[in-house]
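**Q** Residue-level listing of the chains:
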Amino acid sequence: MKTFQYILALLMLLCVSCRSDEILPPAQYDQLPIGATPHSDPVGMYLLNEGNMGSNKATIDYVDFENGFYMRNLYAERNPHVIKELGDVGNDMQIYGGKLYVVLNSSHKVEVMDVRTLVRIGQIDIANCRYINFHNGDAYVTSYVGPVSIDPNAQPGAVYRVDTTSLAITGKCTVGYQPEELAFVDDRIYIANSGGYRKPNYDNTLSVVDVESMKQVQKITVAPNLHRVRKDAYGRLWVSSRGDEATIPSRLFVLDRKDPASRDMVVTDTLDIPCSDMCISGDLLYFYSLAWSDYLERNVITYGIIDVRTKQLLTDRFITDGSDEKIDKPYGIAVNPSNGDIYVTDAKNYVSSGTLHCYDREGRKQWSMRTGDIPAHMVFLRKEEP
Amino acid sequence: MKKTCITRLLILLVALCAMPDVSLAQSEAYLDSIMTHTLNEVIVTANRFTEVIPSQKLAGKELEGLNSLSVADALRYFSGVQLKDYGGVGGIKTVNIRGMGSEQTGVYYNGIQLGNAQNGQVDLGKFSLENIEEISLYNGQRSDVFQTAREFGSAGSIYLTTRRPRFKEGERANLKAGVKVGSFDFLNPSILCEYKITEDIYATVNAEWINSSGKYEFRYRRVTPAGDMAYDTTAVRENGDVDAVRVEGGVQGYMPRGKWKAYMYHYTSERGIPGAIVNNVWYRGERLWDRNSFVQAMFEYDITPKLSTKVHAKYAFDYTHYVNNDDKLIHVDNVYKQREIYASWANKYTIVRNWDVSLAYDYQWNQLSEYRDVQRNTHWVSLASAYALGDCFKVQASALATIVDEEDRGQAEVPDKFKVTPAVFLSYKPFERADLVLRAFYKQSYRMPTFNDLYYTDMGNAYLKPELATQHNVGVLYDLDRNDNVFSFFRIGADVYYNKVKDKIIAYPKGQQFRWTMLNLGMVDIRGIDAQAMAVFRFPYRIELTTKLQYTYQEAIDITDPNDNYYGHQIPYIPWHSGSAIVMLSWQEWMLNYSFIYVGERYNQQENIIYNYTQPWYTNDVSLVKIFRLKDVVLKATLEVNNIFDQDYEVILNYPMPKRNYRVGITVEI
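So the sequence lines, in the order shown, correspond to chains G and V. In this text, residue positions in the first sequence follow the working numbering: the first is 1, and each later residue adds one. In this text, residue positions in the second sequence follow the working numbering: the first is 1, and each later residue adds one.
Worth flagging that the hints you see were computed from the coordinates, not collected in a lab. Hints are not guaranteed to be accurate.
To be verified - Computed spacing ranges between beta-carbons, pair by pair:
#	chain 1	residue 1	chain 2	residue 2	range
1	V	479	G	325	47 to 53 Å
2	V	317	G	322	56 to 62 Å
3	G	38	V	525	46 to 52 Å
4	V	321	G	361	53 to 59 Å
Heads up, the beta-carbon is just placed ideally off N, CA and C, and yes, glycines get one too.
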């Protein structure tokens, strides 16, 4: 019996492993299957992984086209002294003036980094921030919470103006409910109001804010639950709505000037195309849609390309080799401005690693890489700033 | 690193100094209860065929000596149990038995299940140990055929039994008052009165107030992979305050051929929800108000020496008010009300001396109002039989039918559910002299979708099927009772189990923007070993040493879909290795207790990759108890030190746990 005790004790000891110092999440470097592409411009692409809410797992990956590397989770490596790393729920990422801006929704801040080294420059504290865009040296950030509201069901959002040199907030304007993306035409900001927290009473307007005065000058009614706003090369706006997830489906809208002399925009076209995200590259608009079907009890995915000049659907697929079957939940899309490669991210179940897929302009899969949790937002790094 | 070596040494010491208990405390308490109720429970205790599978129990002195505030803290010492602890006095604490999920666990308070039809979770942090005399854990079910139908339904069962009144010769009343103070501005006064109305009727009233600011220091320290300091910061946990009052009481009576009990419970609290600590967020504004009240009654009667009957009834009302005051988030203000009516009728018939059969029928009505008014009726019918062959072989088999009548909702018709689940328990004692018992069981159990699963705005899925858990278990237990020897008691045992969870109800992403739906999509394969050992030494001068060791190995892997990148990976928050060690040393009126809890490495998400890795944690707790006797007054003083080595750890990702903390308590008993 005594020997048995000793054996059991030793077994316990072997099994029990101890704590060591907690290590920062390390960066990982993998080789791209296609190898290096010297002299490529853009030289690389940043990918923001959102991370599930509360997990503090927003991470930045980088695809190094020039040297042929996929670099995972770079922020903590480049900024080891930032407490609790990059943050919670990365909602948007853009490059402007040599800086990389990452909007961290649940960390209530915009993180600003050097675009080449990813070293932190500073942060802009904006509560519940959503999306960022730039105009004439200023950054504009939408936020779900504007003024404190007495009625909990009617809390409007806001757009903030931030000086990109000092990173100080210089202006603010109250807009509609739960504002999302924003774009600029003629010194006016067009902000998509979703009203996503007010279901079924979604917001259905675009707020138009004058850049100079930071005052809302107009509201344009479009459709319930607006989300994306993108400008094309012809000064038109492409706006997507999510619909009400019941009877009104997701749609795509085009806004143009009322007449060439006016600054006012009106909805000129309603495209019967559901759109979750889009990317305008030259005259082509690449999009995908992911929608839950109550009838089929599963997600239905569609892809396509629209000619922005004719507003016609050119094709209902841009992945041509059948490999789109492998995509569970498309969550981000980008098109390489120089070679036309298409990048689509797959967020899978939102709580495990996603995948970044690269397709050539003919829609044939080139490679796939494992990403962080919920890969979503991509921006290209040019050899020189445009 | 230094701590590491100390801990290893401690484990070794504990392990070698003897594999440790039915601690005396426990057997004493057991004896006590037998003696108190000799007259009335003679049938139960004398019938050797009632309990086929021994349970894990914590009771009496042992329970008092462990540094535990709530039932959840005490459950950490059981094998096969994983506690989810969000930290602090007010943080949610739920348990998961053998990897099957907390919704598969039934928690019974004085014999009747505590329900939460809304989310299926019982926050065990809310149940203080102040008035609890015994906690028992049964894998499968309590192996007693004479029980309510519902008790046959859980995959794992936890029984909380409140203190039974005991009166000294010639006394009519007991009064116990105490106060505990400690870290986090913790203040906990309590009072207990017991009164003997007649020789056979007792009344009990117990009340306590728990108040804590919940403020504790926590530290995040990280190094780079190269070993350089990255950051080291200490902050104070905010919005973790709790202010709770619990009042409960009852009357119980004994008759020559039966007993009855009526009981009421009321708990009211206000608390902050501290939330996850993420970059740039150190404070959150979520608040929660809770009111849980129930009244329950039980009546048991032996109609003939062979036929016994038992009736239970309960009415419960739960009120939850949730407010999100965080000015950075959308304001939320919700009130949820739940009502429950429960009734049960159980009967046992002894066909021959060693063959019992039982038949029980339970009915329950649940209602939830606020985000949607919903209700359901549930019926359970159980048929069970226990048979013993001589003194060596016992078998118990049961079948439970569960019928759920979902409310007809018109637009989305929720299907009614009908399920039958079997269970078979065997135990075999091969040698007449040696106290060696071999045991085995097989059991199926369903967990019904909760109201949230079915109806929650956007997320609910009316067509959910119940989730099925199948358990297989074989084990062995050896007891050596040497009475008055120095080495007076020894126990060693192990169980090997294989469980499978099918149609696991999980949240599944639906379209864009984090809309989720509930689907029967999960499949989990669980294999594990629970091992325990205990020894009691009685030295001269009334020195007594009890040692107890418990170890669990669990492999719980996701086998839902081979295409998932987490296929075959260990499910979140289930460690491969976990265990605890307890050493209790008592001398006259002094008692010194040391306990060690270990939870090994695990992952905080489905995928077992470095970014989801969670380090092991272990705490070392010590308590010192001294009893002073002044004539008829018994004064008990307790000093507790928890997390002596000041380990900074998290049970749940981004929910830091308290560093070293203290509690001092004093109780007076007249």
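**Q** Would you mind marking each hint as holding or not holding in the structure?
**A** Checked hints:
1. Evaluation of the 47 to 53 Å hint for residue 479 of chain V and residue 325 of chain G yields a failure: the beta carbon distance comes to about 60 Å.
2. Between residue 317 of chain V and residue 322 of chain G the CB atoms are about 58 Å apart, so this pair conforms to the stated range of 56 to 62 Å.
3. Checked against the hint of 46 to 52 Å, the pair residue 38 of chain G and residue 525 of chain V passes, with Cβ atoms roughly 49 Å apart.
4. For the pair residue 321 of chain V and residue 361 of chain G, the supplied restraint of 53 to 59 Å holds, since their beta-carbon distance comes to about 57 Å.
Violation of the numbered hints given earlier is confined to hint 1; every other hint is satisfied by the structure.
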